[in-house]
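*Asks:* In the order they appear, the protein sequences are chains A and B. Under my numbering, the first sequence has 342 at position 342, and the numbering climbs by one with no breaks. My numbering runs 369 ahead of the 1-based position in the second sequence.
None of these hints come from the bench; they were simulated from the model. Check before you lean on any hint, since a few could be wrong.
[Stated by the list, open to error] Which stretches of chain B does chain A cover? Using the computed rule of at least three CB atoms under 8 Å from a CB of chain A, they are:
| hint | region |
| --- | --- |
| 1 | 596-603 |
| 2 | 614-627 |
| 3 | 640-647 |
| 4 | 697-711 |
| 5 | 723-731 |
[Claimed, not checked] Under the rule of at most 20 Å between Cα atoms (straight-line distance), these lysine to any residue pairs were calculated in the SDA-like manner:
| hint | chain 1 | residue 1 | chain 2 | residue 2 |
| --- | --- | --- | --- | --- |
| 6 | B | Lys586 | A | Gly7 |
| 7 | A | Lys220 | B | Ala674 |
| 8 | A | Lys337 | B | Gly554 |
| 9 | A | Lys220 | B | Ser510 |
| 10 | A | Lys217 | B | Asn488 |
| 11 | B | Lys579 | A | Lys237 |
| 12 | B | Lys579 | A | Asn120 |
| 13 | A | Lys362 | B | Thr494 |
| 14 | B | Lys374 | A | Pro126 |
| 15 | A | Lys237 | B | Asn488 |
| 16 | A | Lys337 | B | Leu490 |
| 17 | A | Lys237 | B | Glu555 |
| 18 | A | Lys337 | B | Thr494 |
| 19 | B | Lys586 | A | Asn120 |
| 20 | B | Lys606 | A | Lys237 |
| 21 | A | Lys337 | B | Asp422 |
Glycine is no exception: its CB is placed at the ideal position from the N, C-alpha and C atoms.
There are 2 protein chains.
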Amino acid sequence: MSTKKLGAGVTRTDRELMDGRTIRYYDTNGQKREAIDQRNPESQPDIGELRLDVQTNEWVVIAAHRQDRVFLPPKELNPLAASRPGNLTEIPESDYEVVVFDNRSPSLRQPKGEIKIPNNLAFDTPTFPAAGKCEVVCFTSNYEYSFKDLTDHQIRTVLEAWRDRTEELSKESYIEYIAPFENRGEEVGVTLSHPHGQIYAYPYLPPRTKRMLQVAKSHKERTGHILQEDLLAREIKDRSRIVAENSEWIAFVPFAARYPFEIHVLPKRSVPDLVTLDESACEAFAPIAKEVLGRLDSVFEMKMAYIAAWHQAPVRVGREILRLQWQITSVRRAPGKLKYLAGSESAFGSFMMDLAPEQSAKLLRDAKY
Amino acid sequence: MSTKKLGAGVTRTDRELMDGRTIRYYDTNGQKREAIDQRNPESQPDIGELRLDVQTNEWVVIAAHRQDRVFLPPKELNPLAASRPGNLTEIPESDYEVVVFDNRSPSLRQPKGEIKIPNNLAFDTPTFPAAGKCEVVCFTSNYEYSFKDLTDHQIRTVLEAWRDRTEELSKESYIEYIAPFENRGEEVGVTLSHPHGQIYAYPYLPPRTKRMLQVAKSHKERTGHILQEDLLAREIKDRSRIVAENSEWIAFVPFAARYPFEIHVLPKRSVPDLVTLDESACEAFAPIAKEVLGRLDSVFEMKMAYIAAWHQAPVRVGREILRLQWQITSVRRAPGKLKYLAGSESAFGSFMMDLAPEQSAKLLRDAKY
Chain A
1 MSTKKLGAGV TRTDRELMDG RTIRYYDTNG QKREAIDQRN PESQPDIGEL
51 RLDVQTNEWV VIAAHRQDRV FLPPKELNPL AASRPGNLTE IPESDYEVVV
101 FDNRSPSLRQ PKGEIKIPNN LAFDTPTFPA AGKCEVVCFT SNYEYSFKDL
151 TDHQIRTVLE AWRDRTEELS KESYIEYIAP FENRGEEVGV TLSHPHGQIY
201 AYPYLPPRTK RMLQVAKSHK ERTGHILQED LLAREIKDRS RIVAENSEWI
251 AFVPFAARYP FEIHVLPKRS VPDLVTLDES ACEAFAPIAK EVLGRLDSVF
301 EMKMAYIAAW HQAPVRVGRE ILRLQWQITS VRRAPGKLKY LAGSESAFGS
351 FMMDLAPEQS AKLLRDAKY
Chain B
370 MSTKKLGAGV TRTDRELMDG RTIRYYDTNG QKREAIDQRN PESQPDIGEL
420 RLDVQTNEWV VIAAHRQDRV FLPPKELNPL AASRPGNLTE IPESDYEVVV
470 FDNRSPSLRQ PKGEIKIPNN LAFDTPTFPA AGKCEVVCFT SNYEYSFKDL
520 TDHQIRTVLE AWRDRTEELS KESYIEYIAP FENRGEEVGV TLSHPHGQIY
570 AYPYLPPRTK RMLQVAKSHK ERTGHILQED LLAREIKDRS RIVAENSEWI
620 AFVPFAARYP FEIHVLPKRS VPDLVTLDES ACEAFAPIAK EVLGRLDSVF
670 EMKMAYIAAW HQAPVRVGRE ILRLQWQITS VRRAPGKLKY LAGSESAFGS
720 FMMDLAPEQS AKLLRDAKY
């Protein structure tokens, strides 16, 4: 057990689960976290495999052991609840504020020893161990809540957990990119309803990040500017797509949105990642996050399925040109209708949007909050 | 009205619909197609807008008029049926074999005059008219059928229609890429259950095609070989991922599949596109298509949702290095479970696969057919 002090009065206490995985308690009242995982020990699954798709030069993670993972369990068997007699969960304590633990069925896991993807892979079998980390972030022990229902204080604690994980995972030699995200709603395949997110730490730059890096690099070469700063200036000048704003953050529907509801939330002073956010930006995050997600749920007066993902600068490259942005996308285009990724999007990567970004921004602005 | 002779004894007869759109009847018995569209004339929607996502340098199509399109109508109002008193449909005739007509709510449409996307777009508003074509391909007038239930003769007629459309659309100066595809199943957002596909003709190279072109180009420069031919040789040597094969075609699960069921169907003699397939390849397509889709439906003994898309060489570039392949992907990973594109796939473009490609290939091979 070790305890570490973080920002905003948050302390982190680490414990080991029955199979050797780590659970980290993020607390704001100096709680002692001494509960032992009472479950029977079990062995961890083997490391999966990365395979290179040689037609696109993109890695695919093959994690065949995940096929049998827990799928929408009843509330009384919720594995993300605090433990109680009759339901020993992933969290041995009988209560918690925020916890982050290693995923029990990770797509990517810590490798044995030092490894690095080589440049020359055999054409016939371009594979590599699926090194990386997959972590689960529980936002609250309260099953009924959503991220937007948390207090400012709770969201700040989650933010400190994300920042801490980003900082620590950045030190691992096998990790190139760290992606905290939340999937919400069965429409996006959520298998556990408890309010939680995940952190994927990849041993490569994900395809989208790679592309964003190339584009930002060529923008820098051509104009001398940071792309995301020019983008922010465009939105502030235009204003038609702005959804919410406070002293430190601004939220807008991007000019070329791919989803009926897509919102980018950017700090006004651009930074590479969560770790480099300053105290005032950290303090001002909760109100804008709650406003944006609150407006999203108000548009159709229903809980919207969404994916909320932090795009950060990679660990080792492009830190001067790629900037932090929080990106929320929802596939719901009307109360009874979802947007599906079909032929054009899925097979050819070309997105078709049925709602003009300015209309979408207006719906969000007009939604009661 | 005009009639044109195609391969395999197929004739094409063109007629005009009430709003000026064209419908093309593909027939094998020299039928006269003289029925007039009896519906009230209506005007066509305006052309949509392309917007460049400057963070990825990818076009997004904004087609706001599509939001109200027909959504799972009852069978008696099926707009893809042949017309009968009480249900005047998109097809004025009282029967048909295969028809292709211009989509009533197209994301991309024929522009007025000659247009070409310029190289220098304003950073603040990089837009362009959504020029292109969206066509609907009805495989049969029989509502109950699926593509795999068609006779070899019917599939050959569909193939001739795809080939004819590819050839004709290739001549349009505003079109760079032609993509025939079929979405099947409500799980992939199909809004009309009648067996049909679509053709999207894009005024740009779709993002995935652009990437495939870059990769194939660098493979050619490095090895002197055509990437897809090397890939085919790898699968034939390995055999563990082959699903079906006949004299002209081979079907396999790719080494780095992204979906629980993903099958690539390639002609053994590689060609750039559907038009350049020779007679024996055309004749041998129906049996392998039926086998592959039949096996897919047998795996879990249920109608599988799928996207089946033809990847062709672009109209003007890369014709010597990109090759035709028919790609079928299904999101169904088990009878009660779908694969969703969540955080990793959707926000970062990084795919996680729960089923090893060799397992998936074995399930397909073992499925009764």
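*Asks:* For each hint, tell me whether it holds in the structure or not.
*Replies:* Hints, verified against the model:
With 5 residues bearing a CB less than 8 Å from a CB of chain A, the region 596-603 of chain B meets the requirement of three and the coverage assertion stands. Counting residues of the region 614-627 of chain B whose beta carbon lies closer than 8 Å to any beta carbon of chain A gives 5, which meets the minimum of three for the stated coverage. Figure legend: the region 640-647 of chain B, annotated as covered by chain A; annotation inconsistent (0 residues with Cβ-Cβ distances under 8 Å, at least 3 required). Under a criterion of three residues with beta carbons nearer than 8 Å to beta carbons of chain A, the stated coverage of the region 697-711 of chain B is upheld, 9 such residues being counted.
Check result for the region 723-731 of chain B against chain A: holds, 5 residues qualifying (beta carbon to beta carbon below 8 Å, three or more required). Note on lysine 586 of chain B and glycine 7 of chain A: the hinted pairing is violated, with a Cα-Cα distance of about 50 Å set against a maximum of 20 Å. Restraint check for lysine 220 of chain A and alanine 674 of chain B: not satisfied, since their Cα atoms lie roughly 43 Å apart, outside the 20 Å limit. As the CA atoms of lysine 337 of chain A and glycine 554 of chain B are separated by approximately 15 Å, the hinted pair is consistent with the 20 Å bound.
In summary, the hint linking lysine 220 of chain A to serine 510 of chain B is not supported, as the alpha carbons are separated by about 55 Å, beyond the 20 Å threshold. Distance hint between lysine 217 of chain A and asparagine 488 of chain B is fulfilled; the C-alpha atoms sit about 18 Å from each other, no more than 20 Å. A distance of roughly 32 Å separates the Cα atoms of lysine 579 of chain B and lysine 237 of chain A; the hinted pair therefore is violated under the 20 Å criterion. Between the alpha carbons of lysine 579 of chain B and asparagine 120 of chain A the distance comes to roughly 23 Å, so the proposed pair goes past 20 Å and is violated.
Our distance criterion of 20 Å between C-alpha atoms is met by lysine 362 of chain A and threonine 494 of chain B, whose separation comes to about 19 Å. A C-alpha spacing of about 47 Å is found between lysine 374 of chain B and proline 126 of chain A, which places the hinted pair above 20 Å, so the restraint is violated. In summary, the hint linking lysine 237 of chain A to asparagine 488 of chain B is not supported, as the alpha carbons are separated by about 24 Å, beyond the 20 Å threshold. This hinted pair does not check out: lysine 337 of chain A and leucine 490 of chain B have alpha carbons roughly 34 Å apart, beyond 20 Å.
This hinted pair does not check out: lysine 237 of chain A and glutamate 555 of chain B have alpha carbons roughly 41 Å apart, beyond 20 Å. Restraint check: the Cα-Cα separation between lysine 337 of chain A and threonine 494 of chain B comes to about 29 Å, which exceeds 20 Å; the hinted pair is violated. The suggested pairing of lysine 586 of chain B with asparagine 120 of chain A holds, with an alpha-carbon distance near 18 Å, which does not exceed 20 Å. Only pairs whose Cα atoms come within 20 Å are accepted, and lysine 606 of chain B paired with lysine 237 of chain A is rejected, the gap being roughly 59 Å.
With a C-alpha separation of about 25 Å, the suggested pairing of lysine 337 of chain A with aspartate 422 of chain B is violated against the 20 Å cut-off.
In this structure, the earlier hints numbered 3, 6, 7, 9, 11, 12, 14, 15, 16, 17, 18, 20 and 21 are contradicted, and the remaining ones agree with it.
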